[in-house]
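Participant: Residue numbers (the numbering used here), protein chains in the order written: chain S, 1 to 83; chain V, 1001 to 1224.
Incorrect hints may appear among the rest.
[Said to hold, decoys possible] Estimated spans, in silico, between C-beta atoms of each pair:
1) V:Leu-1131 with S:Lys-74: 43 to 51 Å
2) V:Ser-1028 with S:Gly-17: 36 to 44 Å
3) V:Gly-1120 with S:Gly-36: 54 to 62 Å
4) V:Gln-1183 with S:Gly-36: 28 to 36 Å
[What the hints assert, rightly or not] Just a few of them, taken from the derived set where beta-carbon distance is under 8 Å, the chain S residues facing chain V:
5) Ala-6
6) Phe-54
7) Ala-56
8) Ala-66
9) Pro-76
10) Tyr-77
11) Glu-82
[Stated by the list, open to error] Simulated coverage check for chain V against chain S, where a stretch passes if three residues somewhere in it have a Cβ under 8 Å from a Cβ of chain S:
12) 1047–1061
13) 1157–1163
Simulated from the structure, these hints should not be mistaken for lab results. A quick note: this is a predicted structure, and the numbers were derived from the prediction, not measured. No residue lacks a Cβ here, since even glycine has one placed at the ideal position from N, Cα and C.
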Amino acid sequence: MCGALAPDAAESLESGGKQCAAQVTGLDLGSGAITGVQVWGERAQAHLSDDTVFLARFPGGWKVTAAGCEPQPKGPYDCEVEA
Amino acid sequence: MRRFVRDNSLTLFFLGILLLALVGQALSGWHEYNNQALVQSGAEISLLRYLSSSQFGVDVAENWQSEYLQFFLYIFMTVWLLQRGSPESKSPGRAGEESDQDQHVGRHATGGSPRWAAIGGLRGAVFARSLGLAMGLIFLASWLAQSIAGRVAYNAEQLADYQDPVSWTGYVTSADFWNRTLQNWQSEFLAVASMAAFSIYLRQRGSPESKPVGTSHEATGIEG
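Next up, chain S with everything else stripped away, as it sits in the complex (with noise of 0.2 Å):
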C-alpha cells in the first residue's frame, strides 16, 4: 500500500518511530471495487464502492495522494491519508 502512495501522503504516516507500513494497517481505508475515474490533468479522483482517493501522476505513474476521503458538507473531503 505504501508504495502506490505519494512521497509526502507516505511521510505523512511515519511518526513516533513508526514506518509508513506499520501505520497504515492501522487506517480505515477502502478495498472496495471502483466505480468511477475522473482525471483532470496531472490529477485524479477515484471512488470506489467504499472509498474516495485522490491521486496525482508522477514520473514513474499515478500515485494516491489522498486516501479514505469522505465529503463533507462544504470544503474539502477529510481524508484519513493526505499528502
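Dock chain V against chain S, hints included.
Facilitator: Leaving out everything else, chain V in the frame of chain S:
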C-alpha cells in the same frame, strides 16, 4: 523580400513580439506551474507537457478573448457612437452605416473595389461587416476555449485540494471563470476609453492614430 518586409512591417513587428511574449509566458508559466505542483505534493512536468496543458491554454485564451472582444466592440460601436474631438471617431452627423455612395458598394463600387463589395446581396452584406464579424467570431471561439481549458485547469486544482470537480455549466457560472474574464475585460475597456479621450488633447506626430500635431482639439475624425 526587403520590400515585403517594409510593406508589412507593422503586422510583422507585432507577430514577432507576440511570439517573444508567448515564449516568455510559456517559460515563466512552466516554472510557476511546477512550483505550485510541488507545494501541492504533485510532480513537476516537462515544458512540452506544460505547453499542451489546460493551464497554459486557459492563460492564453483568457487574454485573447478579451483583446478580440475589445476590437469587436470598438469596430461596431464606432459605427454608431461618436467622440467629439477624437481621431478615433467619425465626425458628428455621420453616425450609422452611411450610404452606399459613401461606402462605394453596389452600383457605387469603383474599379478597385473588392468583388463582394460590388455584387451586393447576402455576400455583400457579410463582406460589409466582415472585419467586425471576424473579431466577434474569434472572440467567441477564444472565450469558449477559455471555458473548456479553464474547466480542466480548475478541476485539477479542485482535485489537488481534495474537492469534487465541476461540470462545464458549473464552471462557467463559477467565480474563477468570471474573475478571469472580467479582470481582462476591464483593462481592455479602460484602454479603449483612454485612447478615445486622450487623442482629443494629445498628439503623436506621424501616427495615423493621432490627429496631426497642429490640428484643433475640436476637430473630429481627422487622422494624421
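Participant: Each hint needs a verdict: does it hold in this structure or not?
Facilitator: Comparing the hints with the structure gives:
1. In this structure the supplied range 43 to 51 Å holds for V:Leu-1131 paired with S:Lys-74, their Cβ-Cβ distance being about 48 Å.
2. Between V:Ser-1028 and S:Gly-17 the CB atoms are about 43 Å apart, so this pair conforms to the stated range of 36 to 44 Å.
3. In this structure the supplied range 54 to 62 Å holds for V:Gly-1120 paired with S:Gly-36, their Cβ-Cβ distance being about 57 Å.
4. Checked against the given bound of 28 to 36 Å, the beta carbons of V:Gln-1183 and S:Gly-36, roughly 35 Å apart, stay inside it.
5. For the restraint placing S:Ala-6 at the interface with chain V, the shortest Cβ-Cβ distance is roughly 6 Å, inside the 8 Å limit, so the hint holds.
6. For S:Phe-54, the interface hint holds, since its Cβ comes within 8 Å of a Cβ in chain V; the closest pair sits about 6 Å apart.
7. A cut of 8 Å between beta carbons decides the hint on S:Ala-56: the least distance to chain V is about 4 Å, and the hint holds.
8. Interface hint status for S:Ala-66: upheld, as the beta-carbon distance to the closest one in chain V is roughly 5 Å, under 8 Å.
9. Contact between S:Pro-76 and chain V, as hinted, is supported at the beta carbon level, the nearest pair being about 4 Å apart and thus within 8 Å.
10. Interface restraint check: S:Tyr-77 against chain V, minimum CB-CB distance 5 Å, threshold 8 Å, status holds.
11. Hint on S:Glu-82 holds. Least Cβ distance to chain V is approximately 7 Å, under the 8 Å limit.
12. Counting residues of the segment 1047–1061 of chain V whose beta carbon lies closer than 8 Å to any beta carbon of chain S gives 3, which reaches the threshold of three, so the coverage claim holds.
13. With 6 residues having a beta carbon nearer than 8 Å to a beta carbon of chain S, the segment 1157–1163 of chain V meets the requirement of three or more and the stated coverage holds.
Of the numbered hints given earlier, the model fails none.
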